[in-house]
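J.: Line by line, the protein sequences are chains A and B. Heads up: the first sequence begins at 1 in my numbering, then just goes up one per residue. Heads up: the second sequence begins at 1001 in my numbering, then just goes up one per residue.
What the hints contain is simulated information worked out from the structure, not anything from laboratory work. Misleading hints may appear alongside valid ones.
As the list claims (entries may be wrong) - With a straight-line Cα cutoff of 20 Å, these simulated PhoX-like cross-link-like pairs (lysine-lysine) come out:
hint, chain 1, residue 1, chain 2, residue 2
1, A, K200, B, K1058
2, B, K1392, B, K1361
3, B, K1058, A, K124
4, A, K158, A, K124
5, B, K1058, B, K1032
6, B, K1522, B, K1550
As the list claims (entries may be wrong) - In silico negatives: residues of chain A with every beta carbon more than 12 Å from chain B:
hint, residue
7, L150
8, H220
9, L297
Idealized CB from N, CA, C, for every residue including glycine.
Given next are the chains, with one letter for each unit.
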Amino acid sequence: MLRYTWKRLLTGLLALFVLVCVTFFLVRLMPGSPFQRGAVSEQVVEAIEQEYGLDRPLTEQFAVYLGNLLRGDLGVSYEDPGTRVTDIIARTWPVTATLGILVLAAAILVGTALGILMAVSRRKAVREVISAGGMLAAGIPSFAAAILLLLVFSVRLKWFPASGLLSPAHYVLPVTALALYPTAVIARMTGNTLAAEMEKEYVLFARAKGLGTGRIIFTHALKNAWRPVLNYVGPASAYLLTGSFVVESIFTIPGMGREFVGSITNRDYTLIMGLTVFMGTVVILVNLITDLLGAYLDPASRRAYRRADR
Amino acid sequence: MSVLEVRNLNVQYHTEQAICQAVRGVSFSVEKGEIAGIVGESGSGKSTAMRAVMGLLKSNARVTADEIRVSGESPRPGRNIAMIFQDSLSCLNPSVRIGRQIAETVRVREGCTWREAKKRALELLDLVGIRQPRIRMRQYPFELSGGMRQRVVSAIALACRPDLIIADEPTTALDAAVQAQILLLLRRIVRETGTSLLLVSHDLGVIASMCGSVYVMHSGEIVESGCAEDIFYAPREEYTRKLLESAAGKVPDMRRSRSKGRNRTNAGEDGNRNESADGRARTGEEKILVSLENVTREYDSHEGVRDISLTLEEGETYALVGESGSGKTTLARILSGILKPDGGSVLYRGREAAERERTGKIQMVFQDPAASLNPCLTAGQTLEEALRAADKSGEGRETIKKKSSHEKRQIWREKASVMLEQVGLSEEDMGKYPGSFSGGQRQRIAIARALINGPELLICDEALSSLDAVTGSRILELLLRFQRERGISILFISHDLHTVRQVSSRVGVLYGGRLVESGRTKEVCSDPWHPYTRQLLEAVPEADPVRARKIRASHVQEQDRGEKKAGRGCPFAGQCGYAMDCCFEETPGNYSFGGRMVSCFLYSQEHSGRRGEGYTMTSQI
């Protein structure tokens, strides 16, 4: 298992390197200069570019950037000189991560609960409502859901505040807006796989040995049913942990997604690069964790990893 | 008082198309401490009736009964009644340790703590004859052998402390040697715990060896019941007689005795492999269809084969027997060209043929037709696809080379429908999907698919194992008829020695990836040379209560799957009563005597003395 993890980490580093290359050159291909503003004269722009080393050949810039990156130095923001990119990440990432983890927890808990209900409820109405509701929730894009929620619960009913993240109540609406889609997907997936698991012979055998339905679901069927769901949850959590620009903008949350989009419009080369590298790392790590979790759920592949270690 | 009392049990299935009466007015009872049996073909409603008693049927089944009583109470699964299923791999949860699967049963039954439940689980594992229970507790089902898993399932049934255990085909998925061990275990459980056992099986031998009273079931009804002696020695009903006949093997004997001349060469008293192989090649060169020479294919985790040499002649039926995991399937796949051997060579008609070339002439029929037929293709499409594949790979191209694709399709359709009729289906079945056929009919389609391109060798990989006795013998007749008419060779892979004895002219016994013995079926079966062959033969129960009750099982412990494939030594050494030191140290060679080959040191010159010219080898065990 350990060797497998190392191998995955190494391939992850390789992927990261490719990511750095591609973004670095794509960013430089964008037309315009980071310092080109309406009232600034050519000379000033050139002077600043010289100051930042942007007049040198691209390959040289790239080499310098890589060297800095290896030392953990992501550089200084062009837009906001004096602020290090690492500081910006340190400021925005906790906000985004808190939101992402909350969304993830809500989606997994509610989604699984609904999925179980959908799979085992004897009432057809319950099953149909969950199934149809899931389809609806999965169909609404998160920005539409966000605006709708804002309109109903904040503007009309005035139950929850509309912007910022000052108190727990502030979290309710953005979390709901973001969690709607993953919850629906998880519920439908869990429902379908669990229903299939419940048909299997080991469930019948568990009944024959006198276990109740609850125990069968939680100690037996769910573990097997969740394996395919995990394949969705992994990438989804990577997406959530790197921030959603749209929802962060609507609720004016000072998160990373907003920072990222801002950096692109400003052509803030260092910030774009820094955020990309950071998000790439998060995505790679989250996927690795999902794979290891998947192996934990499936003892056969767990043993296979162990064998590969030897 | 009876432990189980069932009166007038009816089960109806409500499907979208129709209502299907699966069990009609069935009544039976089981006395305390008794082993009762229910026997019948698959689809006769045995399993449905048992699940109805347990209350395990799905919601589309309607169960009515005048009475279902277990010790005077209503049946409560896990309390007064427990069940053992056929397939131990699918009825144990693959991702939960077996210790937990046993302990949770104890906990639910006794309402005790995990610690106590674990302790009880250890005792139960010990009771069902599993060594090192502490290690086993921490393992997952797939890490145990089939026999050990069935022991675990028995332990779980015992954890319920039931008045009655229903065992539904408990040994069908196992080979003869392990089956005997499990049957002995069940019998010991009944004796030691005083629970009653209701044994459901399609195998008359199993029923004969275990049961005091027997019920014969046929299409949802009990046609005959009584004590085992009456049923087996003086059957009253026509149907029972038919069952007994098919079990006794009254299939017309159509063995081909082409290989008689082969014994002339007394090819060497010595076990020199190369010499004997040459000897064989000289005698019947024109008749040999396929020969394997020292074929090896190693796997990390599952069944591989090591150093196997055998020849198949034109028109003969060669049987391969051996327990599950002994490499039968791997060998079949190497022969058919699906797998490539790591070492050794496969010769087709004396020359090495490319895999693609070979596959057209060698066809396979698999064990489970439900899995080997594509559910999305109709019977006709399945056959046409086979024709198309052959057309692509170049066979039969001479005949319909110039035809347009439309004409081709027309020819294919006709060929397919003719083929279907030959296997006993009708033209209307062309448009039906595999789902709407019974198991036997599906296997007929699979056979039609294999035969439609006129292969020279047909490999039947446990082709009858998933079928009941009556259907199985019909399919067998079909196969033998084709063999007679077309003169094809058949490689018959089976763990059922009864059938092997009936159909094959020569037999090879596989154990742990090695061909431990081979020779003419009659000789091998009546006078086994290798200790493993003998153990295998003695373990098969006969459909005769008096004789079958003496279940002879070796008392050697089963091993882990991993333990068996030690690189050195004879694979059987660990369980062999004749094992010498050398058996653990080096691998025995293949020693040939006339038409027989045995891979055991008992037959080598080094270990059992020099032999002169013209010495006739006899069994050393």
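J.: Which earlier hints can't be squared with this structure?
T.: Going through the list in order, the structure violates hints 4, 5, 6, 8 and 9 and respects the others.
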